[in-house]
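Residue strings, one per chain:
There are 2 protein chains.
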Amino acid sequence: MAETFDIAVVGATGLQGEALVELLEEREFPIGDLHLLASGDNIGKTLPFRGRNLRVRDVAGFDFSTIRLAFFSVAADVSLEQAPRALAAGCSVIDLSGAFAAGQATLAQVAVNPPAGDLSVPTLFAVPCAPAAELAEVLAALRAHVSFERLVVTACLSASALGREGVQELARQTSELLNARPVEPRLLDRQFAFNMLGQVGEADGEGHVSIERRLVCEVGQLFPELAGRVSASCVLAPVFFGDTLSVTLRSTAPVALDAVRSALDAASGIELVEDDYPTVIGDALGQDVVYVGRVRNGIDDPCELNLWIVSDNVRKGAALNAVGLAESLIKH
Amino acid sequence: MAETFDIAVVGATGLQGEALVELLEEREFPIGDLHLLASGDNIGKTLPFRGRNLRVRDVAGFDFSTIRLAFFSVAADVSLEQAPRALAAGCSVIDLSGAFAAGQATLAQVAVNPPAGDLSVPTLFAVPCAPAAELAEVLAALRAHVSFERLVVTACLSASALGREGVQELARQTSELLNARPVEPRLLDRQFAFNMLGQVGEADGEGHVSIERRLVCEVGQLFPELAGRVSASCVLAPVFFGDTLSVTLRSTAPVALDAVRSALDAASGIELVEDDYPTVIGDALGQDVVYVGRVRNGIDDPCELNLWIVSDNVRKGAALNAVGLAESLIKH
Numbered sequence: 001m002a003e004t005f006d007i008a009v010v011g012a013t014g015l016q017g018e019a020l021v022e023l024l025e026e027r028e029f030p031i032g033d034l035h036l037l038a039s040g041d042n043i044g045k046t047l048p049f050r051g052r053n054l055r056v057r058d059v060a061g062f063d064f065s066t067i068r069l070a071f072f073s074v075a076a077d078v079s080l081e082q083a084p085r086a087l088a089a090g091c092s093v094i095d096l097s098g099a100f101a102a103g104q105a106t107l108a109q110v111a112v113n114p115p116a117g118d119l120s121v122p123t124l125f126a127v128p129c130a131p132a133a134e135l136a137e138v139l140a141a142l143r144a145h146v147s148f149e150r151l152v153v154t155a156c157l158s159a160s161a162l163g164r165e166g167v168q169e170l171a172r173q174t175s176e177l178l179n180a181r182p183v184e185p186r187l188l189d190r191q192f193a194f195n196m197l198g199q200v201g202e203a204d205g206e207g208h209v210s211i212e213r214r215l216v217c218e219v220g221q222l223f224p225e226l227a228g229r230v231s232a233s234c235v236l237a238p239v240f241f242g243d244t245l246s247v248t249l250r251s252t253a254p255v256a257l258d259a260v261r262s263a264l265d266a267a268s269g270i271e272l273v274e275d276d277y278p279t280v281i282g283d284a285l286g287q288d289v290v291y292v293g294r295v296r297n298g299i300d301d302p303c304e305l306n307l308w309i310v311s312d313n314v315r316k317g318a319a320l321n322a323v324g325l326a327e328s329l330i331k332h
Numbered sequence: 001m002a003e004t005f006d007i008a009v010v011g012a013t014g015l016q017g018e019a020l021v022e023l024l025e026e027r028e029f030p031i032g033d034l035h036l037l038a039s040g041d042n043i044g045k046t047l048p049f050r051g052r053n054l055r056v057r058d059v060a061g062f063d064f065s066t067i068r069l070a071f072f073s074v075a076a077d078v079s080l081e082q083a084p085r086a087l088a089a090g091c092s093v094i095d096l097s098g099a100f101a102a103g104q105a106t107l108a109q110v111a112v113n114p115p116a117g118d119l120s121v122p123t124l125f126a127v128p129c130a131p132a133a134e135l136a137e138v139l140a141a142l143r144a145h146v147s148f149e150r151l152v153v154t155a156c157l158s159a160s161a162l163g164r165e166g167v168q169e170l171a172r173q174t175s176e177l178l179n180a181r182p183v184e185p186r187l188l189d190r191q192f193a194f195n196m197l198g199q200v201g202e203a204d205g206e207g208h209v210s211i212e213r214r215l216v217c218e219v220g221q222l223f224p225e226l227a228g229r230v231s232a233s234c235v236l237a238p239v240f241f242g243d244t245l246s247v248t249l250r251s252t253a254p255v256a257l258d259a260v261r262s263a264l265d266a267a268s269g270i271e272l273v274e275d276d277y278p279t280v281i282g283d284a285l286g287q288d289v290v291y292v293g294r295v296r297n298g299i300d301d302p303c304e305l306n307l308w309i310v311s312d313n314v315r316k317g318a319a320l321n322a323v324g325l326a327e328s329l330i331k332h
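Chains as they are written, first to last, in the UniProt record's numbering: chain A, 1 to 332; chain B, 1 to 332.
Treat the hints as calculated values from the structure; they're not laboratory data. Take the hints with a grain of salt, since some may be wrong.
For each label pair, taking beta carbons as the anchor points, the in silico distance ranges come out as [stated by the list, open to error]:
| hint | chain 1 | residue 1 | chain 2 | residue 2 | range |
| --- | --- | --- | --- | --- | --- |
| 1 | B | Asp300 | A | Glu274 | 28 to 36 angstroms |
| 2 | B | Asp300 | A | Ala60 | 36 to 44 angstroms |
| 3 | A | Pro254 | B | Glu184 | 38 to 46 angstroms |
| 4 | B | Pro302 | A | Glu225 | 32 to 40 angstroms |
| 5 | A | Asp189 | B | Gly117 | 25 to 33 angstroms |
| 6 | A | Glu225 | B | Gly201 | 51 to 59 angstroms |
| 7 | A | Pro254 | B | Ala2 | 57 to 65 angstroms |
Don't be surprised by glycine CBs; every beta carbon is placed ideally from N, CA and C.
Please model the entire structure based on the sequences and the hints provided.
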C-alpha cells in the first residue's frame, strides 16, 4: 500500500483554504487524516472532503506533532504565531500568507525552482502571492528567450484578493446601486462597485503597500536578474474573481515574438491565446493554467515585450502552487 | 458689445458632444448661433442650451461657410468626410476623433502647447484622446522637475470610452447577472460585467490597438523627448465612467518627490491627493481637474516615479480640452 500523509489545512474556511481542500481531493493527494483548522468564528464549520463533512477545529489547541505537513492560508499574524509552533513539533509548513521574509522561509514555486528537499526535516516553505506566482510562471517560460532588464507590472486584483468578505462587499454594493439605494461601504472605506481602487490596503511611509512589496521581493528572489528592477502597482478592480496583469518587460536585446510564443505554448502551466485576448470570465476561472495574450513588442521598441496575463488568483495563483509544492516534496 | 461666434457641435448627441454643449454654456463661451449636428438616427433629437431645446440637424447638408468654428466629436470616418468640407468652407475645426495624423492636423492641448493662431485662417486642430490628454496634463507639470527617459502606462478605460452604447451594455449585463439571467453580450463579444477586458477594439498585425497607437503618438508629439519611449496598454474596466492610469516614469536622475508634489500642487488643472488615493466615484466625476495620487519612487529605484491618475474621461479628458482650445483661439 502506498504511503499516506496526515496533513492539516489551517484557514480551511477561507477562499484559498477551500480551494486547497478541493485540489487535495481532486488530485488524489495521498492523505491519511486531513485536519481542517481555523480560528475565531470559523471554528465549528464543516467542509466536504471525500464524501464526508469534516468539522473545522481550533488551530490554537492543535497538536502539530501528529502530522507531517500543514498548509497555512491565514492572516499573517496567525501564521507568525502558529507556524513556528508547527515546525517545533516536527511538522513542515507551506505558508501562503506572506508572513515570512526571505531569510526565514524557503520561497518555492514548482514551475521556477522545485525544492530539492522532502518532508524528513521540518521546513518552513512559502509560496508567492498570487500575482507574483502568475508572473513567475510566465517569466520561467521566457527566461531562456528574453534577457530580462526591467519589468513593470500593473496588477488588477479582484474582490477575492480581500477574501470572502471582499466578494460579499462588492456584491452588496453593486446590488444597492442597481436598486437605487445609497451605497454603504463596510469592509472598504469607499464605493467599490463600478469604481477602480488604486491602492490595496494601507500605504507605508514611502507610498508602497504590502502586496506590492511582496510581489517585487518575491519576483526578485525567484529571478535574481530582476532583483531591484521590478516596478509593481497593485489596484483593485470591481470584479469578483481573477487577477489580470498588464506587463511590460524590457530586454537587453530585441525580443523575437515567435520564440516567445513557442515558449509560452510549450509551457504546461500556461495557455497562450493568439488572435484574441483572454479574460477571467470565460477563460481563466476554475482553470489550472495561467492565460497569456496580447503578446507584442513595444510600438517603437523591439526590445520591449508586452503581455496580458489572466489567472484564477485563488485556485491557480495560490492553492495550486501550494499543493504542487507539497506533491513535489512527497515525491522524494 | 463683445464679439460672438457662430459655431457647431458635430456629434452633439454623444457623451462627449453633450459635455461640449454643457461646457460651452457653463463657461459662457461667446456664442452667437449654436448649431447641433449629427448623422443617422440622432438627427431630430433635441438638446437643451441656454434654456431652449435645440434640434439636432444632419451634418451632411450643413453649410459650414455660415460659421467660424466646429467641434467634431464623431466616429473617425465621419470626421474624415465632413471636416475637410468645413475647412474648405472657411470654418476652423477642433477634432476629437483622432482621425487626423500628425501632419494633417495641429495637435494642441492648452496645458502643454497653447496654439499661437486664431480663427482668422481656417485651421484643422486636433485634441488628444482622453488618456493622452490626462497624462499630458500631468507630464506638463512635471517637465521642469523630472528628466523623462521612458514611460509605461496601463490605462484602465471605462464603458463610456465606447460611448453611450458602452454604458448601456455594462448596465444591462450587470442587471442580467444580478437577476440570475444569462448574460447576452451585444455591443461586445463577451461578458463585460465583472470582467476586465484586456483589449479595446481590434488589434493590428503587430498586436496594438488604435487607442494605444494614438496615445503613444500623441504623447510623443506633445513631449518629443518621449517620442519612441512610451509603452501603452489600454484595457476596459467594468466601470461606467472615468479613466484610471497606472503610470511608471523613468528619469535619467533621481526623482525628488517633494519637487514633484509641489509642481503637481501648483498646476491649475491638477488636484494632488496626498495620504490617500483618488477614485473616479467620489473624486473625479464631473470635475474639471485631473486627480493624481500614490506619488512614489520605485521600491528599489529613486530614478523611477509612479503615479495613479484619475479623471473624468468625457468631461475633463475630452470636452474641456476642446473648449479650452477654442477659448484660447478666440482670445487672439
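How the hints compare with the structure:
Taking the beta carbon of each, aspartate 300 (chain B) and glutamate 274 (chain A) are about 34 angstroms apart, inside 28 to 36 angstroms as hinted. Taken as a hint, the range 36 to 44 angstroms holds for the pair aspartate 300 (chain B) and alanine 60 (chain A), whose Cβ atoms sit roughly 38 angstroms apart. In this structure the supplied range 38 to 46 angstroms holds for proline 254 (chain A) paired with glutamate 184 (chain B), their Cβ-Cβ distance being about 44 angstroms. At about 21 angstroms, the beta-carbon gap between proline 302 (chain B) and glutamate 225 (chain A) misses the expected band of 32 to 40 angstroms.
For the pair aspartate 189 (chain A) and glycine 117 (chain B), the supplied restraint of 25 to 33 angstroms is violated, since their beta-carbon distance comes to about 48 angstroms. The hint said 51 to 59 angstroms for the Cβ distance between glutamate 225 (chain A) and glycine 201 (chain B), and at roughly 35 angstroms that hint is violated. For proline 254 (chain A) and alanine 2 (chain B), the hinted distance range of 57 to 65 angstroms is satisfied, since their beta carbons lie about 59 angstroms from each other.
The structure fails hints 4, 5, 6 (numbered hints given earlier, in ascending order).
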